[in-house]
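K.L.:
So you can see what is in the structure, the chains are spelled out below.
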Amino acid sequence: MLSRTLLLPSLAALAMLVSPLARADALQDIQKAGTIKIAVPQDFPPFGSVNADLKPQGYDIDAAALIAKRLGVKLELVPVTSANRIPYLQTRKVDLVISSLGKNPEREKAIDFSQAYAPFFNGVFGPADIKAEKADDLAGKVVGVTRGSVEDIELSKIAPSAATIRRYEDNNGTITAFLSGQVQLVATGNVVAAAILAKNPPKKPETKFLIKDSPCYIGLNKGEAALQAKVNEILAQAKQDGSLSAIATKWLGAPLPAEL
Amino acid sequence: MDYTFAFGALLDYWPALVRGVWLTLLLIAVGAVGGTALGVACARARTSAGPWLRAPVVAYIELIRNTPFLIQLFFIFFGLPAAGIQLGELQAACLTMVINLGAYSAEIIRAGIDATPRGQYEAGASLALSRAQIFRHIVLKPAMARIWPALSSQIVIVMLGSAVCSQIAVEELSFAANFIQSRNFRAFEAYFVVTAIYLVLALLLRQALHRLGRCLFRSPA
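If you're matching them up, the sequences are chains Y and W in order.
The opening position of the first sequence corresponds to residue 1 in the numbering used here, with each subsequent residue numbered one higher.
The opening position of the second sequence corresponds to residue 1001 in the numbering used here, with each subsequent residue numbered one higher.
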């Protein structure tokens, strides 16, 4: 008799352990707990860094706060490094990764992605009075770039032969050459351009055109369709009502590009 | 050593190397001619001009001889635009070479001038030569002959120092090496070849200067 009364619940418990179908869905778990755990960077400004009061700050932190707020739950930030952010997600220490994460085929095998939430690209930047909408417009212009960087290799492929590319030893040389007017335009990452803009220099590196695009996505575990749909819905809303663009303007010095 | 050289990887980049050699030669040609002329002028000012000219010349010589070449280059290329003086990288590099060599050669040439015996000036004066004539014919020529080996060495040093001009994107020889190794990741081969080219250039320059000195400052028989 005893064995019969225990058999059914035991089987049910076993089934819950082994079957993914029986597991409660992550969105429900988050809503039930009233807290969402989000992995954010703390060593990658302007996406994530620590301010003078030791509080995390940055694009990713603001994006995480936006997601939590619209889910109606409390936000718990989990600082991660670029090496451990995906393991943190896979071992369910966090529900989402908002950590300037780019998409590539290897990562797509391991985790799922939301829509893009932040622009991340190499491009050509320069002051407003110089017109350059595509690589061909660089003819007759002088562009500075850091030698051997991704943008150097890509720009060297697409720039016309009439363009002058000046290659500097490191990022600082490239930035100084631009700020001192030794080059008219500069090819670099949008994050670097944002860092220059933040200092409010007389020559402002505004986005001219894109060289290589790899926007950031929110990472989530595989098979969390409900959570993925909800996050995408929140992002779509935030893009429409301008709140994501406000975050972009705050941290990157430029509104969200239309392609996102 | 377990390394397989692949010099073939450099073949695609020979235009960069040729351009590098050409620009290095251009830099040292401008630097040597301009620097020596500036050196002669400064040496003369330091040895015979009044204090109103001597003071700024001494200040210039000491400033340049006691600061790094790289900083002088950055000052002219990155710093001066703030004062409204915008020089291109090649102009800035040439100017820095002239200014740098000018200060060192001024001191070398001054040593030669100081070694001129007093009696030579008096001999010139007794022949009714003007001060400028005395300087040119009696003082400067033997002085240059005396210090020519030292000046030649300094010119070679400045040529080798021109390698840092790659920092302001002058595409001279070391820029070519850095550029090539940033593209094919064959750093050993790139620097191996460029080192050899520098060595050959330096030896040829030394030889050329030696011949030039014999030709220019040979005492009339």
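One or more hints might be untrue.
Unchecked claim - Keeping only pairs whose Cα atoms sit at most 25 Å apart, straight-line, the calculated DMTMM-like set for lysine to aspartate or glutamate is:
hint, chain 1, residue 1, chain 2, residue 2
1, Y, K141, Y, D170
2, Y, K212, Y, D137
3, Y, K103, Y, D43
4, Y, K157, W, E1189
5, Y, K37, Y, D53
6, Y, K157, W, D1012
Just so you know, these hints were derived from the structure itself, not from any lab.
K.L.:
Take the hints in turn and mark each one as holding or not.
P.N.:
These are the hints, each one checked on the structure:
Distance restraint check for K141 of chain Y and D170 of chain Y: the Cα-Cα separation of roughly 21 Å lies within the 25 Å cut-off, and the hinted pair is therefore satisfied. About 17 Å separates the Cα atoms of K212 of chain Y and D137 of chain Y, which keeps this hinted pair within 25 Å; it holds. Between K103 of chain Y and D43 of chain Y the alpha-carbon distance is near 20 Å, which keeps this suggested pair within the 25 Å criterion. Annotation: proposed proximity of K157 of chain Y to E1189 of chain W holds, straight-line Cα distance about 24 Å (limit 25 Å).
Restraint check for K37 of chain Y and D53 of chain Y: the C-alpha separation of about 22 Å stays at or below 25 Å, so the hint holds. Restraint check for K157 of chain Y and D1012 of chain W: satisfied, since their Cα atoms lie roughly 15 Å apart, inside the 25 Å limit.
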